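S.K.: Work out the full structure: start from the sequences and follow the hints.
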Amino acid sequence: MNRNFFKALKMEKIAMFIILTLIVFVAALAIVTTLIMVVMGKTRDIAILKSMGATTSSIMKIFIFEGLLIGVVGTIVGTILGLLIAYNLEGITQFLEGLFRFKFLPGDVYYIDELPSTVRPLDVVLIDGIAFLLSFLATLYPSRKAAGLDPAEALRYE
Amino acid sequence: MAEIRVENLLKSYKQGSRRVEALRGIDLVFNGGEPVAVIGPSGAGKTTLIHILGTIDRPSAGRVLYDGRDVFAMSDRDLARFRNRTVGFVFQFHHLLLEFTALENTMMPALIQGVQRREAKGRAQEILEEVGLGDRMTHKPGELSGGEQQRVAVARSLILEPQVLLADEPTGNLDRETGEGVYQLLQQMNREKGITLIIVTHNEEIAGRLPRRIHLVDGRVV
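Chains as they are written, first to last, in this note's numbering: chain S, 2 to 159; chain H, 3 to 224.
Taking lysine-lysine and the PhoX-like style, the derived pairs with C-alpha atoms no more than 25 Å apart in a straight line are: (1) H:K142 / S:K43; (2) H:K123 / H:K142; (3) H:K195 / H:K123; (4) S:K43 / S:K146; (5) S:K62 / S:K146; (6) S:K104 / S:K14; (7) S:K104 / S:K11; (8) S:K43 / S:K62; (9) H:K16 / S:K43; (10) H:K123 / S:K62; (11) S:K146 / H:K16.
Output of the computed footprint for chain H on chain S, the stretches with three or more beta carbons under 8 Å from beta carbons of chain H: (12) 43 to 56; (13) 144 to 156.
To be clear, the hints were calculated from the coordinates, so they are not data collected in a lab.
Here the structure is a predicted model, which is why all the values come from computation and not from measurement.
Note that beta-carbon positions come from the ideal geometry of N, C-alpha and C, so glycine has one too.
M.R.: Written out as structure tokens, the structure reads:
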């Protein structure tokens with residue numbers, strides 16, 4: 002009986018992993034779109050910087066830096082919130098159950114009647130690392146686009 | 003003082019689906035320290051010429067030689083460095099960075115070059131005093147008048163003491179009196195520092211006062 006239970010848990014963990022990956026992917030796409038908008042809005046400024054002799058790579062660094070800043074701040078805020086929720090899960094579920102007069106895991110249906118939660122430092126580090134890496138990858142395309150901008154074209158049409 | 007030699011310059015670019023023949027074979031020599039006006043109707047290729055002279059645009063064919071050196075033979079990185087040191091731009095619509103103060107805008111080319119912040123600041127203050135904006139340094143472009151913004155643009159173009167100053171309709175967006183002030187300033191810099199000054203202008207009065215005028219029509223010198 003326990004074997005089935007652990008199998009189900011394992012299955013659930015895989016499903017959770019896929020869902021969370023998708024969420025992170027969407028978040029990374031949000032960085033991409035935000036940066037593309039920033040680049041479009043800064044077309045004129047990029048052209049000015051280039052006319053003053055800024056190199057392609059220095060323009061690229063500016064936007065990679067901005068993207069990483071978004072990624073780092075997001076990762077830190079996310080980690081703090083996530084840890085707070087994980088450490089206080091019992092209190093939070095009790096509060097929500099009280100609020101909505103509803104039992105998440107009724108004891109007569111499931112083996113357990115509370116959501117178990119453990120913080121595994123390795124998982125935290127791994128997920129933060131992946132989030133950081135993804136946000137870095139997300140900056141590359143918009144930054145490359147910004148750096149490759151033709152200043153003459155941007156300045157030609159006023 | 004750079005002598006700029008332009009040889010058989012051709013430039014065409016795509017505008018939507020249309021091909022624009024902006025320059026159709028230009029041969030010119032600009033002597034070092036010489037003030038020159040570039041005049042001609044809209045669409046004659048004046049701005050394109052200025053952009054290519056300032057190396058922010060590449061010609062489709064032909065060469066631009068600064069003191070005999072073919073600038074477009076350089077790599078992009080070297081060209082950026084060359085542009086930073088040799089060329090100063092003043093555009094019609096000021097083109098200042100709006101989030102930065104007059105002082106920071108003026109410092110920008112020096113910061114790009116890698117000059118220490120403190121030194122860049124000192125030089126920028128000096129040159130802003132010179133163009134008469136000593137009391138406006140901490141203002142952002144939005145808080146400056148059109149004439150003041152253009153003075154900041156002039157100060158910015160001069161901070162690295164370029165050999166060539168390229169001005170594209172520098173007074174086009176200003177009223178007569180303010181435009182005259184900016185023009186005087188450009189001329190003063192040309193005389194005092196021996197900077198080669200190339201002004202694109204629609205203003206007949208200003209063009210008439212410069213010793214040499216280059217008339218462009220349909221991408222050719224007439």
